[in-house]
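Its first residue numbered 1, the sequence shown is counted upward by one per residue in the UniProt record's numbering.
Just so you know, these hints were derived from the structure itself, not from any lab. Computed from a predicted structure; not experimentally measured. Cβ coordinates follow ideal geometry from the N, Cα and C atoms, glycine included. Take these hints with a grain of salt, some might be off.
[Stated by the list, open to error] Here are the computed distance ranges between Cβ atoms for each label pair:
id, residue 1, residue 2, range
1, I327, E286, 30 to 36 Å
2, E124, P267, 26 to 32 Å
3, E289, F350, 40 to 46 Å
[Said to hold, decoys possible] Listed below are the simulated SDA-like cross-link pairs for lysine to any residue, each with C-alpha atoms no more than 25 Å apart in a straight line:
id, residue 1, residue 2
4, K322, Q335
5, K190, K306
6, K251, S288
7, K283, F238
8, K133, S148
9, K189, P293
10, K313, P355
11, K374, Q323
12, K322, Y177
13, K93, R353
14, K69, I59
15, K189, P66
16, K306, Q335
17, K241, P293
18, K283, L299
19, K313, P303
20, K313, R334
21, K189, Y119
22, K142, W91
23, K271, L236
24, K190, R143
25, K189, N233
26, K313, S287
27, K133, D162
28, K93, R143
29, K93, I113
30, K189, Q213
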Amino acid sequence: MNPAELVTDQHQLEQFCEHARQHQLLAIDTEFVRTRTLFAKLGLIQARSGDEVVLIDPIAGLDLAPFWKLLPDPDVVKVIHAGGEDYEIFWQKTGELPNNLFDSQVAAAFAEIGDAMGYAALVEHYFSVTLDKSQSRTDWLKRPLTDSQLTYAAADVQYLYDIYPKLLAMVEEKGHYDLVLAESSYQAKKRAQQVPTDLLYLFIGNAWQLDPQQLAVLKELAAWRQTRAEQENIPLSFVAKEHVVMELARKLPERTDKLYSITDLPPMTRKYAGDELIALISKARESSEADAPAPLYRLTDMPGYKNTFNAIKAHIQTVANKQQIPIALIASRRQINDIIHWAWQIPPEFYSRLPQPDLFADWRGAILREPLEKLLQR
1 MNPAELVTDQ HQLEQFCEHA RQHQLLAIDT EFVRTRTLFA KLGLIQARSG
51 DEVVLIDPIA GLDLAPFWKL LPDPDVVKVI HAGGEDYEIF WQKTGELPNN
101 LFDSQVAAAF AEIGDAMGYA ALVEHYFSVT LDKSQSRTDW LKRPLTDSQL
151 TYAAADVQYL YDIYPKLLAM VEEKGHYDLV LAESSYQAKK RAQQVPTDLL
201 YLFIGNAWQL DPQQLAVLKE LAAWRQTRAE QENIPLSFVA KEHVVMELAR
251 KLPERTDKLY SITDLPPMTR KYAGDELIAL ISKARESSEA DAPAPLYRLT
301 DMPGYKNTFN AIKAHIQTVA NKQQIPIALI ASRRQINDII HWAWQIPPEF
351 YSRLPQPDLF ADWRGAILRE PLEKLLQR
């Protein structure tokens, strides 16, 4: 098959899926458009198994079920590079995530080739090939796609398939294969997790600056923004950016004409949702003190923060040395702050409703949670 051939035939798709199942190895990428929507619009699926490369057209009326069934198949290794938004698409389309997943960006980090390494850099590293980036801003929903666009798309899996055995050998030699699979799987799982809308306010930057009444308003505004974006399938920023939500909670406007003083509030939101916003703010302001959210605090100002942060970092460094991996692959400064925020500011009754912070979840949680919980006690 020509590497740049677009698959629009059902039989051809099914033949490839059977071919991939027999080879037990599948390199995958997707092209999508997400410029004015909250959810990505899938424009193309690239896949390679053995010597066969296919570019599957998801808007040609094909039944993609045979392909989707490959994703959870534990007998087929799925190779993806930095699959964040790919995982979101898979989850939206199927309600499932890839099983037996090998993320080449994760593997490159554990092989100590490079942290957060881009696909083009990885291709350059292994094959001394510079990929053509001229088609990166293509509208993948338009048809027909040009030969140049199809060739560009095919390259995303053509080299990825050949990179896999090289990275596999390196991570196996270092003894990190299981960690690569665990982290690849965890990155996919995170894309399927959602914070309940009524708890989104807990994760808005600078929410600690607000008093209980303002926090009650922020709680309602954050939930409203997420719900509206999902219902209309528009980016959150099209409804209101985070700093705009904070300004609304601070100023507590009482009339729609007061919304003109809110910096950066989108005119369409003011025009079509102004009355709804004012009613929501008014109702939240009337909530009783007992019903208001507990106050939040700036993490770095909390008593014991610095000593706790340093103790956690020191423990993780010890674990990293023992595992013989760079500490950055286990925990970043943000991830350490996340567990301090979780332990010190998130009410325990919310724990079961929220995604666990990274250092308490999955493979990290297995080696870190118990000792870190002791360090977090006050």
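Hints, verified against the model:
| no. | hint | result |
| --- | --- | --- |
| 1 | I327 to E286: 30 to 36 Å | violated (49 Å) |
| 2 | E124 to P267: 26 to 32 Å | violated (45 Å) |
| 3 | E289 to F350: 40 to 46 Å | violated (20 Å) |
| 4 | K322 to Q335 | holds (20 Å) |
| 5 | K190 to K306 | violated (28 Å) |
| 6 | K251 to S288 | holds (19 Å) |
| 7 | K283 to F238 | holds (24 Å) |
| 8 | K133 to S148 | holds (11 Å) |
| 9 | K189 to P293 | violated (29 Å) |
| 10 | K313 to P355 | holds (22 Å) |
| 11 | K374 to Q323 | holds (21 Å) |
| 12 | K322 to Y177 | holds (16 Å) |
| 13 | K93 to R353 | holds (24 Å) |
| 14 | K69 to I59 | holds (18 Å) |
| 15 | K189 to P66 | holds (22 Å) |
| 16 | K306 to Q335 | holds (15 Å) |
| 17 | K241 to P293 | holds (22 Å) |
| 18 | K283 to L299 | violated (30 Å) |
| 19 | K313 to P303 | holds (17 Å) |
| 20 | K313 to R334 | holds (11 Å) |
| 21 | K189 to Y119 | holds (21 Å) |
| 22 | K142 to W91 | holds (24 Å) |
| 23 | K271 to L236 | holds (17 Å) |
| 24 | K190 to R143 | violated (33 Å) |
| 25 | K189 to N233 | holds (22 Å) |
| 26 | K313 to S287 | violated (40 Å) |
| 27 | K133 to D162 | holds (20 Å) |
| 28 | K93 to R143 | holds (22 Å) |
| 29 | K93 to I113 | violated (33 Å) |
| 30 | K189 to Q213 | violated (35 Å) |
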